[in-house]
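These protein sequence lines are chains A and B, in that order. Last residue of the first sequence: 256 (full-length UniProt numbering), numbering continuous. Last residue of the second sequence: 288 (full-length UniProt numbering), numbering continuous.
The reader is advised that the hints may include incorrect statements.
Per the computed footprint, the stretches of chain A lying under chain B, defined by three or more beta-carbons under 8 Å from a beta-carbon of chain B, are [claimed, not checked]: (1) 120–133; (2) 199–207.
Just some of the chain B residues that point at chain A, by a computed CB distance under 8 Å [to be verified]: (3) F10; (4) G109; (5) D124; (6) K160; (7) A164; (8) D168; (9) I177; (10) K180; (11) V181.
DSSO-like cross-link-like pairs, simulated, lysine-lysine; straight-line CA separation at most 27 Å [what the hints assert, rightly or not]: (12) K3/A / K84/A; (13) K180/B / K29/A; (14) K56/A / K275/B; (15) K3/A / K169/B; (16) K130/A / K116/A; (17) K87/B / K137/A; (18) K56/A / K112/A; (19) K87/B / K63/A; (20) K180/B / K87/B; (21) K222/B / K63/A; (22) K225/B / K112/A; (23) K93/B / K130/A; (24) K56/A / K222/B; (25) K119/B / K169/B; (26) K275/B / K63/A; (27) K93/B / K137/A; (28) K275/B / K84/A; (29) K73/A / K173/B; (30) K93/B / K107/A; (31) K169/B / K130/A; (32) K116/A / K84/A; (33) K180/B / K137/A; (34) K119/B / K107/A; (35) K275/B / K225/B; (36) K87/B / K222/B; (37) K56/A / K225/B.
Treat the hints as calculated values from the structure; they're not laboratory data. All C-beta atoms in this analysis are idealised placements derived from N, C-alpha and C, irrespective of residue type, glycine included.
One-letter residues, chain by chain:
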Amino acid sequence: MEKTIIECDNVSFHYEHSTVLEDISLEVKEGEFWALIGPNGSGKSTLINIILGLLKPDQGNIKLFGQNIDSFKQRERIGYVSQKSNSFNSGFPATVLEVVKSGLARKIGLFKSFTKHDEQKAMDALRVVKMDDFANKNIGELSGGQQQRVFIARALVGEPDLLIMDEPTVGIDQKNVASFYSMLNALNREHGIAILLVTHEVDLVTELATHVACLNRSIHFHGNRSDYKKMNDADISAWYGHPVRRVHQDEKEGQR
Amino acid sequence: MISALFTYEFLQNAFLSGLIIGIIAPLLGLFIVVRRLALIADALSHVALAGIAGSLYLSQSVLFFSALNPVYLGMAAAVGGSLLIEKLRGTYKHFEELAIPIILSTGIGFGAIFISMAKGFGADLVGYLFGSVSAVSRQDLWIIIIIAIVVIAFIRSFYKELFALSFDKEYAKVSGINGKVIQAVFMIITALVIGASMRIVGILLVSSLMTIPVAAAIQLAKSFKGAMLYSILIGELSVIVGLFVAYHLDIAPGGTIVITSIIILLFVLGWNKVKGSYHSRKVKGDFA
Ligand SMILES: Nc1ncnc2c1ncn2[C@@H]1O[C@H](COP(=O)(O)OP(=O)(O)O)[C@@H](O)[C@H]1O
Ligand SMILES: [Mg+2]
């Protein structure tokens with residue numbers, strides 16, 4: 001039986017005045033690639049923050065790799081790319097390589113310094129996102145999309161077992177989005193990394209993901225991709241809040 | 001000055017102390033600047049003023065304090081202030097910057113009261129405010145050496161964590177780096193460096209030595225390691241030139257050191273502009 005990597009059990013959450021999540025239950029198992037989709041403001045980022053332990057749920061329970069989140073210590077097993085990675089200080093004096101190496105800080109452990117080997121690992125991670133040529137550039141000199149790829153490398157460098165990404169393609173131009181998704185596909189299929197990907201690009205990702213969860217305050221659907229595809233557009237529009245028409249693979253080529 | 005340096009102990013004390021704080025103040029300052037804590041250094045130095053003034057005042061009436069180096073009470077006050085700032089930043093979640101004027105005013109307020117109550121430590125006080133070439137004792141030098149060892153050990157041990165926290169606090173937290181403990185220790189270390197530096201540059205100019213060399217360095221460096229190196233080089237250059245001028249013209253070294261660093265900063269800004277690759281890198285990151 002596959003191991004459960006993320007277990008969300010009846011999670012609810014509210015900010016000061018509004019309930020944002022209601023009774024969310026979700027399980028991500030080893031080797032699975034989940035797309036978490038939903039309109040803007042549907043609570044996707046909030047749910048991710050709860051899963052990562054940045055926010056505490058009002059109710060319910062989170063387990064990571066079978067351990068309760070409060071006692072979970074193996075944080076190096078998670079790679080994370082946040083939605084607003086470009087909120088970092090763009091004048092920060094750091095090279096791309098230094099930023100990627102910082103993704104190893106926890107794994108190396110306290111009181112130890114970076115070694116040549118760590119630098120090699122960081123270069124490998126940069127190669128995966130095709131940013132190795134930029135290793136010695138200042139991070140602030142890159143475009144938003146390039147920075148985002150660097151942050152993905154930072155998430156990958158520690159060889160995580162779980163990759164959580166919150167709208168990572170925002171700011172990446174369309175022609176690179178496809179190659180980014182095929183990279184995720186390879187990480188998932190070849191390296192067996194479980195992925196939880198937040199997106200509002202309903203149609204694109206569902207072609208790649210093995211599983212789909214539709215969120216709008218509560219989970220309106222979760223299951224594998226083929227079941228998701230069996231739903232009709234009217235059902236999806238109903239929870240999405242406005243009409244959604246899923247684009248099919250053949251139409252997409254002409255459209256983009 | 002060179003020959004005098006071999007003759008007079010007070011000059012050796014001042015010069016060696018200057019060389020050491022020329023390293024540690026900008027080194028720590030780099031982390032302070034990229035974390036947008038520059039004003040906190042200012043607030044803490046004013047709290048140190050209250051401690052020093054208090055110690056000087058008490059030394060006039062209480063025997064224990066007349067034997068005590070005022071730097072100790074200054075440092076203790078700065079450490080206390082640093083912990084208070086952390087506490088206040090938690091209380092005013094939405095107005096974190098309010099903690100700074102509150103602590104700064106408290107420091108100046110107490111400083112003013114002690115200075116007025118004790119009439120007659122004018123000369124001493126000017127030394128504490130703007131630095132002094134002649135007032136650095138062997139004991140001061142030893143305090144500075146010990147603090148330098150603590151600071152360098154701290155930064156060496158927690159370099160990865162400090163970098164990760166400074167660059168992206170949220171990511172650091174997700175990856176399991178204990179920001180709270182490191183932040184608390186960082187604040188205490190900052191207070192200690194302020195205490196160490198104030199003998200040479202003076203309370204009013206301590207934060208300048210922590211920030212101005214860094215402001216110039218981040219204009220020059222692409223990498224964090226590079227920024228570190230440039231900060232220290234510019235800090236050292238400022239201290240050496242500043243002390244030399246201060247000794248020969250008999251003026252307060254705080255002034256000459258800081259103005260030297262300002263001149264270097266202007267030179268760097270000008271040079272960058274000429275080079276045509278000048279992009280103003282505003283520090284607008286977030287760190288709490
Ligand atoms: N820090 C916050 N304080 C108050 N409300 C918030 C906060 N962050 C998000 N919200 C609100 O919670 C809802 C869900 O936000 P979010 O989780 O960011 O949605 P999504 O990522 O799906 O766009 C939105 O209505 C948003 O306005
Ligand atoms: Mg979001």
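Against the structure, the hints:
1. Counting residues of the stretch 120–133 of chain A whose beta carbon lies closer than 8 Å to any beta carbon of chain B gives 0, which falls below the threshold of three, so the coverage claim is violated.
2. Figure legend: the stretch 199–207 of chain A, annotated as covered by chain B; annotation inconsistent (0 residues with Cβ-Cβ distances under 8 Å, at least 3 required).
3. The criterion of a C-beta within 8 Å of any C-beta in chain A is not met by F10/B, whose closest approach is roughly 38 Å, and the hint is violated.
4. A least Cβ separation of about 33 Å between G109/B and chain A goes past the 8 Å threshold, and the interface hint is therefore violated.
5. With a cut of 8 Å, the hint placing D124/B at the interface with chain A is violated, because the nearest CB-to-CB distance is about 39 Å.
6. Proximity of K160/B to chain A holds as hinted, the smallest CB-CB distance being about 4 Å (cut-off 8 Å).
7. The restraint placing A164/B at the interface with chain A holds, with a minimum CB-CB distance near 4 Å, inside the 8 Å limit.
8. About 5 Å separates the beta-carbon of D168/B from the nearest beta-carbon of chain A, less than 8 Å, and the hint is met.
9. Annotation: interface hint on I177/B holds; nearest CB of chain A at approximately 6 Å, less than 8 Å.
10. Interface restraint check: K180/B against chain A, minimum CB-CB distance 14 Å, threshold 8 Å, status violated.
11. For the restraint placing V181/B at the interface with chain A, the shortest Cβ-Cβ distance is roughly 11 Å, beyond the 8 Å limit, so the hint is violated.
12. Proximity of K3/A to K84/A is assessed by CA-CA distance (about 30 Å); at most 27 Å being required, the pair is judged violated.
13. Only pairs whose Cα atoms come within 27 Å are accepted, and K180/B paired with K29/A is rejected, the gap being roughly 32 Å.
14. Our distance criterion of 27 Å between C-alpha atoms is broken by K56/A and K275/B, whose separation comes to about 51 Å.
15. The suggested pairing of K3/A with K169/B is violated, with an alpha-carbon distance near 31 Å, which exceeds 27 Å.
16. Straight-line distance between C-alpha atoms of K130/A and K116/A comes to about 21 Å, which keeps the hinted pair within the 27 Å bound.
17. The hinted pair formed by K87/B and K137/A fails the criterion: a straight-line CA distance of about 38 Å is larger than 27 Å.
18. Of the pairs offered as hints, the one joining K56/A and K112/A is violated, with about 31 Å between alpha carbons and a cut-off of 27 Å exceeded.
19. Taken as a hint, the K87/B and K63/A pair is broken in the structure, with Cα atoms around 32 Å apart against an allowance of 27 Å.
20. Using a Cα cut-off of 27 Å, the hinted pair K180/B and K87/B holds, with the two alpha carbons roughly 12 Å apart.
21. In summary, the hint linking K222/B to K63/A is not supported, as the alpha carbons are separated by about 41 Å, beyond the 27 Å threshold.
22. Proximity of K225/B to K112/A is assessed by CA-CA distance (about 17 Å); at most 27 Å being required, the pair is judged to hold.
23. Taken as a hint, the K93/B and K130/A pair is broken in the structure, with Cα atoms around 40 Å apart against an allowance of 27 Å.
24. With a C-alpha separation of about 38 Å, the suggested pairing of K56/A with K222/B is violated against the 27 Å cut-off.
25. Distance check on the hinted pair: K119/B and K169/B sit about 48 Å apart at the alpha-carbon level, beyond 27 Å; violated.
26. For the hint pairing K275/B with K63/A, the CA-to-CA distance comes to about 55 Å; that exceeds 27 Å, so the pair is violated.
27. Annotation: proposed proximity of K93/B to K137/A is violated, straight-line Cα distance about 35 Å (limit 27 Å).
28. Straight-line distance between C-alpha atoms of K275/B and K84/A comes to about 33 Å, which puts the hinted pair past the 27 Å bound.
29. Using a Cα cut-off of 27 Å, the hinted pair K73/A and K173/B holds, with the two alpha carbons roughly 12 Å apart.
30. A threshold of 27 Å between alpha carbons decides the hint, and for K93/B with K107/A the separation of about 31 Å lies outside it, so the pair is violated.
31. Only pairs whose Cα atoms come within 27 Å are accepted, and K169/B paired with K130/A is accepted, the gap being roughly 26 Å.
32. Straight-line distance between C-alpha atoms of K116/A and K84/A comes to about 31 Å, which puts the hinted pair past the 27 Å bound.
33. Between K180/B and K137/A the CA atoms are separated by roughly 31 Å; this puts the pair beyond 27 Å, and the hint is violated.
34. Pair hint K119/B plus K107/A does not hold up; C-alpha atoms about 58 Å apart against a cutoff of 27 Å.
35. At most 27 Å may separate the alpha-carbon atoms for a hinted pair to count; K275/B and K225/B meet this at roughly 22 Å.
36. A hinted pair counts as satisfied when its Cα atoms are at most 27 Å apart, and K87/B with K222/B does not qualify at roughly 35 Å.
37. A threshold of 27 Å between alpha carbons decides the hint, and for K56/A with K225/B the separation of about 36 Å lies outside it, so the pair is violated.
Hint compliance for this structure: hints 1, 2, 3, 4, 5, 10, 11, 12, 13, 14, 15, 17, 18, 19, 21, 23, 24, 25, 26, 27, 28, 30, 32, 33, 34, 36 and 37 are not met, and every other hint is.
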